[in-house]
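Student: Okay, here's what each chain looks like letter by letter:
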Amino acid sequence: METVIKTRTIKDKLIFEFENSKLFLFGSTQLRDNAMESFYKQGIPTRKHEEYKYTRVDLMLKGEFDFSTNKNCSDAQIQPLKFLKDAYVVVIENGVFVEGSSNVENLPKGLTVCSLVDAEKSNSPVFEKHYAQYADVKTDPFIALNTAMTKDGAFIHIAKNVIIEKPIHIIHISTTSVNTIIHPRNLIVIDENAQAKIIESFETISATAKTVSNALTEIVVDKNAIVDHYKIQDEKELGYLVNTTQVIQQRQSVFSTHTFTLSGSLVRNNLTVVLDDEHIESHLNGLYLTVGNQVVDNHTVVDHRKPNCNSNELYKGIIEGKSTATFNGKIFVRKDAQKTNAFQSNKNILLSLAGTINTKPQLEIYADDVKCSHGSTTGKLDEAKIFYLRARGIGLVNAKKLLMHAFASEVVNTIKIEALREYVEEKISKTFE
Amino acid sequence: MNEVIEEKISAEYKYGFVTDIDADNAPKGLNEDIIRFISAKKNEPEWMLVYRLEAFRHWLTMEEPDWAHVSYQKPDFQEIIYYSAPKPKKVLKSLDEVDPELLKTFQKLGISILEQERLSGVESRVAIDVIVDSVSVKTTFKETLAEKGIIFCSFGEAIQEHPELVQKYMSSVVPSSDNFFAALNSAVFTDGSFCYIPKGVRCPMELSTYFRIEAAGTGQFERTLIIAEEGSQVSYLEGCTAPMRDENQLHAAVVELVAHKNAQIKYSTVQNWYPGDKEGKGGVFNFVTKRGICLEENAKISWTQVETGSAITWKYPSVILKGDNSIGEFYSVAVTNNYQQADTGTKMIHIGKNTKSTIISKGISAGFSNNSYRGLVRIAKGAENARNFSQCDSLLMGDQCGAHTFPYIEIKNNTAVVEHEATTSKIGEDQLFYCKQRGIDNEKAIGLIVNGYCKDVLSQLPMEFAVEAQKLLEVSLEGSVG
Amino acid sequence: MLSIKNLHASIDGKEILKGINLEIKEGEVHAIMGPNGSGKSTLAAVLAGRSEYDVTEGEIIYNGKNLLELEAEDRAREGVFLAFQYPVEIPGVSNINFLKTAIGEIRAYKGLEPIKAKDFLMMLKEKQELVEIDRALVRRSINEGFSGGEKKRNEIFQMAMLEPKLSILDETDSGLDIDALRIVANGVNKLKSEENATIIITHYQRLLDYIIPDFVHILHNGKIVKSGLKELALELEEKGYDFIKEEVEA
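Protein chains in written order, with our numbering: chain U, 45 to 477; chain H, 1000 to 1481; chain R, 28 to 277.
Certain hints may be false.
Okay, derived cross-link-like pairs now, DSSO-like style, lysine-lysine, Cα gap no bigger than 27 Å in a straight line [what the hints assert, rightly or not]:
#1 U:K424 <-> H:K1167
#2 U:K415 <-> H:K1167
#3 U:K204 <-> R:K253
#4 H:K1260 <-> H:K1167
#5 H:K1411 <-> U:K374
#6 U:K444 <-> H:K1355
#7 R:K257 <-> U:K204
Where chain R lies over chain U, by a calculated footprint (3+ residues, C-beta under 8 Å) [as the list claims (entries may be wrong)]:
#8 317 to 331
#9 373 to 383
In case anyone wonders, no lab produced these hints; they're calculated from the structure. Source: prediction; values computed, not measured. Where a beta carbon is used, it is the ideal one built from N, C-alpha and C, also for glycine.
Using the sequences plus the hints, can you model the full thing?
Tutor: In structure tokens, the structure reads:
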């Protein structure tokens, strides 16, 4: 009998790295060991996994990877990424909080912004109560991997009754020169009756190698709190991003999240919002613009667990070239969640014959007195409208741009921070060039 | 092939068929003799009898469908009288002889069948064909229409006067073997309306048929055929009522619409058959096959229906979009209260290129009723750039009723744009209290809510019907909440 | 204007209000604060005439009339307005049509001529500007697809249109971000006059930074346990509701 010598798989390598670097990892040993065990059981998903069948994350993880993380870029390089002039800024470079580049001095009363490492060191009771309580390692291998292997990230806490009017901007930067896998992790806790605006942006600077970011953010929205959350994903060709956002909402809270995917070779968003009490309101908005061979996959879960809540979801995409966009929107209305209002809409424009759109609304409704609707459309740019614009003297290229802008504006207009809206608008214009 | 069948049937005809030509009613039950009786009674040509017998023989091989979301005691088809002409004294020579109750109903509908009155009035005119228990009793405005070359008459008359048109188009959209009830109708239908709009003519008035079931134990099986030639336009209204009876009455109609190049047909129905009493006793079983075909390019067929009556409704007005750029529309309000059951919707079959369809369905369920939307959107392989928009809304009043939505979407061409939206909402104590807190009492509030909810559909109805339909909705929901 | 004496009310046999006494005069703003379950929303519901609640004892005199004898719609017609904590959605009925109907009914009740279409539209425009509500919202179906904040703003718009004598704002601040809260408070302040009165029901103190109350009452376990001036609200926010519980139970 012939013996087959298998090359080590990425899974083996990750486990090996985990065992080797235990000392540098973050979080309690028990939590990490448990997470790693869960990852071991789940493995890297292939197209046979229902949840990953349109997005080949296994191919993304082919090849050699380095697991060390270094600081490579200067403050001057980071400066342009701080596109909000008036904001508290947190810089996470290759998965590690960089205090020197962040602007977190003179914080107002009631606002805490620091690294996860510091939050743990200082024995913050808020940190201890909420860390790794919501993203369940058993539900997804990337959650498991992040929980096992994260080294750092941001910790943000807003105390009861406090309103932070200035936005808080978390900048994730990849700057590596060798293929790397990183696992940044953030914990954001907004206490009762507090209000905040949080932006997470994902960028690459001077990177010359592939970076796989397995980023995870947990957000706790307590009673009556109001939170506006934004994700701007713009990692260019070398960026591969799996971005998990796990949100838990308490009674009468309002949470709005907005995901803008502007570039990146592969972007997979796993967004889960749990409505864990009554009279909660959740808004999930998304816009993805895909070109070339890009793959963008938005998986959202809205979990209505209690009665009298509202959720509203709007995802729009413009697909060009040979790119692939996937939208998978799951809405659970649990047995107790009577009088739920849940709306979902996914609209796509397909600009090329080679582009692919997979759209899959999934409603699982176990209560009987609910109002749910979902709609999904895929189409080309309306020829009649293009013709109308041309008949008014607007050239074909500009006519198309105008219509694409109009299409995108429904999502862009949900941005409440003016400077951010302008920034995103400009980015979109560049994409349409 | 046809000749062989014809021969066989005519051969049989020679044996044992005795017609009591003087009888007003056929005896109860259904067999080939009854069909011969009906055909003879109506003095039909041989090809009609052949057609009927063929349909009947096919019907015998079929089973009553049970896929619809309705439950009922299946009718005993041998207990039904298939032909009932109105009593001799009711054969009307002039409108003065019309049953005053009937006239009253018309007044209620806001429609006058008295030509003179209409002519002197400023309101838009409506030509009406009145059908009582399967027999056409009066068609108004025939002459005015004839001047434009429009044929509007009873189906029976069309068979006699325009056999070439009937032969060409009858069953060209709904084959007599299409389904159980369509086959039954093809075998036993006694009358109905026929309408032909010649090339380039815009029908100057609304055409209308008013159906009424009068006699007890009778089935009503009418047939409507509308043909719109190239570039023509017609708007057609259909109204239905029946008196209260304890037993269920069967109504199984077939409607066929044919729209040629650039032609437009708008077909509106206000159906108010007797729905049965509060305990669910009696009421009409309404099993209807309605289908139109946009035969050539740029044709348009639009169905609008307001369904408040019948114990059971089983009805899917459909459009086959065969011609390129053709358009199909379906606007529906279906109200069920007490123990009524409705399973209704549409089919939009996209075959031609650039074909468009719109479906707006509004279901209202109250009491213990069940209301289902069942709709099919099919985009065939060659239907480049087809578009469909569907919106199916359900409104529940109280918590003993049910609303169900069964959309079927079949897409064989990837240039299609298909949009589907569905909502279910509930009117209960909370909404009514909110209105009260703003000074609006229950009765007013329900009127506001129902009319607001249905306005997208009601606005599609011709003016004559819109007001009546609105009242009808309020009446059928009286006392359903609070 | 409003006199509540020894009001007891219960739902499904469970007593929620256990003897409320409250006097409100024209021109006054009263804030009622209390922890969850203290009976704040029950008081609002009883004043507006929700039938699920049984008034077992006590009386409410409103402008000389026994309020408890009036139907809910007649209370509204008499000028009692409730801005709902959770405004319901009514699909298909536009705000405009709804308000036209409501104003029509209220005027008919008072024996007034129906409002002229032109006057109604003028009023609509004027009040829209007054409470800074988006025109598009006004034209849409009542609260359908509105965000929580938009619903609350629509309540204040309706209040402006119906010109009530006694307005009850039931947790109007919940779900409003700080910008929307300022706009809503601004609207309410503009609608204040010497002739009307306002009851503000709230769990948090924040709204009272913007709508300054003349009196603050603390509701606990179905009773007003403490009344004072606006400073009471600040004290409450600082010390939390537990301090009241301790004080009462001590």
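Student: Look at each hint and say if it fits the structure.
Tutor: Each hint tested on the structure:
1. U:K424 <-> H:K1167: violated (41 Å)
2. U:K415 <-> H:K1167: violated (48 Å)
3. U:K204 <-> R:K253: Within the cut-off at roughly 24 Å; holds.
4. H:K1260 <-> H:K1167: holds (17 Å)
5. H:K1411 <-> U:K374: It holds: about 26 Å lies between the C-alpha atoms, which stays within 27 Å.
6. U:K444 <-> H:K1355: holds (23 Å)
7. R:K257 <-> U:K204: holds (21 Å)
8. 317 to 331: This one holds; 3 residues, not fewer than the three required, reach chain R with a Cβ under 8 Å.
9. 373 to 383: That given contact is violated, which follows from only 0 residues of the stretch 373 to 383 of chain U lying within Cβ reach (below 8 Å) of chain R.
Checked against the numbered hints given earlier, this structure breaks hints 1, 2 and 9; the rest are met.
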